[in-house]
Amino acid sequence: MKEYTFFPGCSSEHNASAANMENSIQSMCRILGIKLNEIDDWNCCSASIGYAGGGQLPRMAMSARNFALAQKQRGNTDLVATCAACWLAMRETNERLEHEPDVKGAINTALGEAGLSYDGHIRTRHFVEVLIEDIGWEALKSKVTKPLKGLKVAGYVGCQTNRPFGVCGDSFENPLYLDRMIEATGATAVPFPMKVACCGGALMFSETEKSCVLTKQILQSAVDNGAEVIITPCPVCQLNLEVYQGMINKNLGTNFNIPILYYAQLFVLAWGGSWQDAALHQQVVAAEPLRRFA
Amino acid sequence: MAYDLSFAKEVYKKSEMGHWIKMCMQCGVCAGSCPLRAHWQHSPRQLFQMVRAGKKDEVLKSSDMWMCTSCYNCIARCPRNLPITHIIHGLARYAETQGKVDPTQPTRRFAVEVFWENIVSTGRVGEAMLTMRLYFQDGIGAGIQRGLEMKDSALGMLKTRRLNPIPFRGKIKGYDGFKKMLAKAAELEVKLENKA
Chain A
1 MKEYTFFPGC
11 SSEHNASAAN
21 MENSIQSMCR
31 ILGIKLNEID
41 DWNCCSASIG
51 YAGGGQLPRM
61 AMSARNFALA
71 QKQRGNTDLV
81 ATCAACWLAM
91 RETNERLEHE
101 PDVKGAINTA
111 LGEAGLSYDG
121 HIRTRHFVEV
131 LIEDIGWEAL
141 KSKVTKPLKG
151 LKVAGYVGCQ
161 TNRPFGVCGD
171 SFENPLYLDR
181 MIEATGATAV
191 PFPMKVACCG
201 GALMFSETEK
211 SCVLTKQILQ
221 SAVDNGAEVI
231 ITPCPVCQLN
241 LEVYQGMINK
251 NLGTNFNIPI
261 LYYAQLFVLA
271 WGGSWQDAAL
281 HQQVVAAEPL
291 RRFA
Chain B
1 MAYDLSFAKE
11 VYKKSEMGHW
21 IKMCMQCGVC
31 AGSCPLRAHW
41 QHSPRQLFQM
51 VRAGKKDEVL
61 KSSDMWMCTS
71 CYNCIARCPR
81 NLPITHIIHG
91 LARYAETQGK
101 VDPTQPTRRF
111 AVEVFWENIV
121 STGRVGEAML
131 TMRLYFQDGI
141 GAGIQRGLEM
151 KDSALGMLKT
161 RRLNPIPFRG
171 KIKGYDGFKK
181 MLAKAAELEV
191 KLENKA
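So the sequences go chain by chain: A and B. Reading the first sequence from the start, the letters are residues 1 to 294 in our numbering. Reading the second sequence from the start, the letters are residues 1 to 196 in our numbering.
One chain only, chain A, in its complex shape:
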């Protein structure tokens, strides 16, 4: 049993928008023998958009409080996030705490107000890194009992697992880890030129029309390349691509009806998990193309 400290983030809470990601990742962990120990009383990472209301130190203090709690509760065990934005916020904060003594001092003064402190040394990792580096491709493939043969999948990496840090040495312009995951389940990764394009991120809330144009181009590219479903590692990408399809169809004259899944949902199904285990009942655009494997 491999154990990690776990920061689920707000969208992975019960009844939150990425509950399907959380549920399918927990199913993956059960099959792989991974235990994710959730930080007790964690707070929001402040996300990408937190800079505007929070500035630097309050924004970083939010991640630092999670580090301090993690260290207190679980020592320096690797801290794993499943959300792209949470991971990025943690990585950025950790990097600045490591390289800027001024920042580290100020953050610890702020943490002191909450009766906490953080001296560094926790590695902040994305769950995808755990799968690739700690579990390994061979083990991921060897669990397959129901290969998703013939399923055409577009691997939408998006932005924040890819830039600016990247996953496992992949290139920024053509990262391959998601395509390799698709192939590991027995499915086919279709060519997908928009795999690292931006969906609009949080600006889907404030600049909806502009962001819908970006999202439309991504969906179009996947459909044009024959994808039956799109998978992504990012809760914001998943949400934007899935729930705005209706609005895009209405306003931009398209006719999209393509399921947007997490990589974990493909793995769970290919590993013999049920529709429920894979949280496929939690899709707004129903995952019909996967029915033939259920």
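One or more hints might be untrue.
Here are the simulated EDC-like pairs of lysine to aspartate or glutamate, each with C-alpha atoms no more than 20 Å apart in a straight line [stated by the list, open to error]:
(1) B:LYS13 - A:GLU100
(2) B:LYS171 - A:GLU38
(3) A:LYS35 - A:GLU288
(4) A:LYS2 - A:GLU38
(5) B:LYS173 - A:ASP40
Far from chain A by the CB rule (all over 10 Å, computed), these chain B residues [stated by the list, open to error]:
(6) LYS9
(7) GLU10
(8) VAL29
(9) GLY32
(10) GLN46
(11) MET50
(12) GLY54
(13) GLY99
(14) PHE110
(15) ARG124
(16) ILE140
(17) ALA185
(18) LYS191
Rather than coming from a laboratory, the hints here were simulated on the basis of the structure. Source: prediction; values computed, not measured. Glycine is no exception: its CB is placed at the ideal position from the N, C-alpha and C atoms.
Position chain B relative to chain A; hints supplied.
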């Protein structure tokens, strides 16, 4: 004509990662890499030159920085490795602290008035409340209209248990300490800026 360097110096010192602007060689790769480039009046490259040229009001009142989606494409591609995304966030935040931003700028309103307010009021994002506040920020009529546009999606989210039907959520257990921590961090932020 002499250049007025006072604004550039102010940005180098007080705006997040602002000192990196000195390093920009004006190649424009950032401009071509931005997903919302069509909607900028001035690209990052141009904003950086405007900072150096002392165009304070034009920069701080600009809507441009608020077009950043945090995709990090400009960072990944900048040949001089400038943290452009953070410089842009920094300029947006600096403009906000200086009270220069058009209060109707939609991303500023969302980020500052809705999102930040949402997370600091309980310690975590309350998605249902976040969406409601956003939709109704221009009054009940506009809110209902926007809600109706997204009705099918919202019902879909409710049905698949990905949206909490109760918009109110509790605070984290350590909320008092969390609030004090944020207040202290905000206080120290000013000191950090002046020291840089």
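Tested hints:
1. Distance check on the hinted pair: LYS13 (chain B) and GLU100 (chain A) sit about 15 Å apart at the alpha-carbon level, within 20 Å; holds.
2. At most 20 Å may separate the alpha-carbon atoms for a hinted pair to count; LYS171 (chain B) and GLU38 (chain A) meet this at roughly 17 Å.
3. Restraint check: the Cα-Cα separation between LYS35 (chain A) and GLU288 (chain A) comes to about 31 Å, which exceeds 20 Å; the hinted pair is violated.
4. Straight-line distance between C-alpha atoms of LYS2 (chain A) and GLU38 (chain A) comes to about 14 Å, which keeps the hinted pair within the 20 Å bound.
5. A threshold of 20 Å between alpha carbons decides the hint, and for LYS173 (chain B) with ASP40 (chain A) the separation of about 9 Å falls inside it, so the pair holds.
6. Non-interface call for LYS9 (chain B) relative to chain A: holds, since the shortest CB-CB distance, roughly 19 Å, exceeds 10 Å.
7. For GLU10 (chain B), the non-interface assignment is confirmed: its Cβ lies about 16 Å from the closest Cβ of chain A, beyond the 10 Å cut-off.
8. Chain A leaves VAL29 (chain B) outside its interface by the beta-carbon criterion, the shortest separation being 13 Å against a cut-off of 10 Å.
9. Every C-beta of chain A lies more than 10 Å from that of GLY32 (chain B), the closest at about 13 Å, which supports listing it as non-interface.
10. Every C-beta of chain A lies more than 10 Å from that of GLN46 (chain B), the closest at about 19 Å, which supports listing it as non-interface.
11. For MET50 (chain B), the shortest C-beta to C-beta distance to chain A comes to about 20 Å, beyond the 10 Å cut-off, and the non-interface label holds.
12. With a cut of 10 Å on Cβ distances, GLY54 (chain B) stays outside the contact zone with chain A, its closest approach being about 24 Å.
13. Remark: the non-interface label on GLY99 (chain B) is consistent with the geometry, its nearest Cβ contact in chain A lying 14 Å away (cut-off 10 Å).
14. The beta carbon of PHE110 (chain B) is not kept farther than 10 Å from every beta carbon of chain A, the shortest such distance being approximately 4 Å.
15. Non-interface status of ARG124 (chain B) relative to chain A is broken: a Cβ of that chain comes within 10 Å, the nearest being about 5 Å off.
16. With 10 Å as the threshold on Cβ separation, the claim that ILE140 (chain B) sits away from chain A holds: the shortest Cβ distance comes to roughly 19 Å.
17. The claim that ALA185 (chain B) lies off the interface is violated: its Cβ sits roughly 4 Å from the closest Cβ of chain A, which falls inside the 10 Å cut-off.
18. For LYS191 (chain B), the shortest C-beta to C-beta distance to chain A comes to about 8 Å, within the 10 Å cut-off, and the non-interface label is violated.
When the structure is compared with the earlier hints, violations turn up for hints 3, 14, 15, 17, 18 and for no others.
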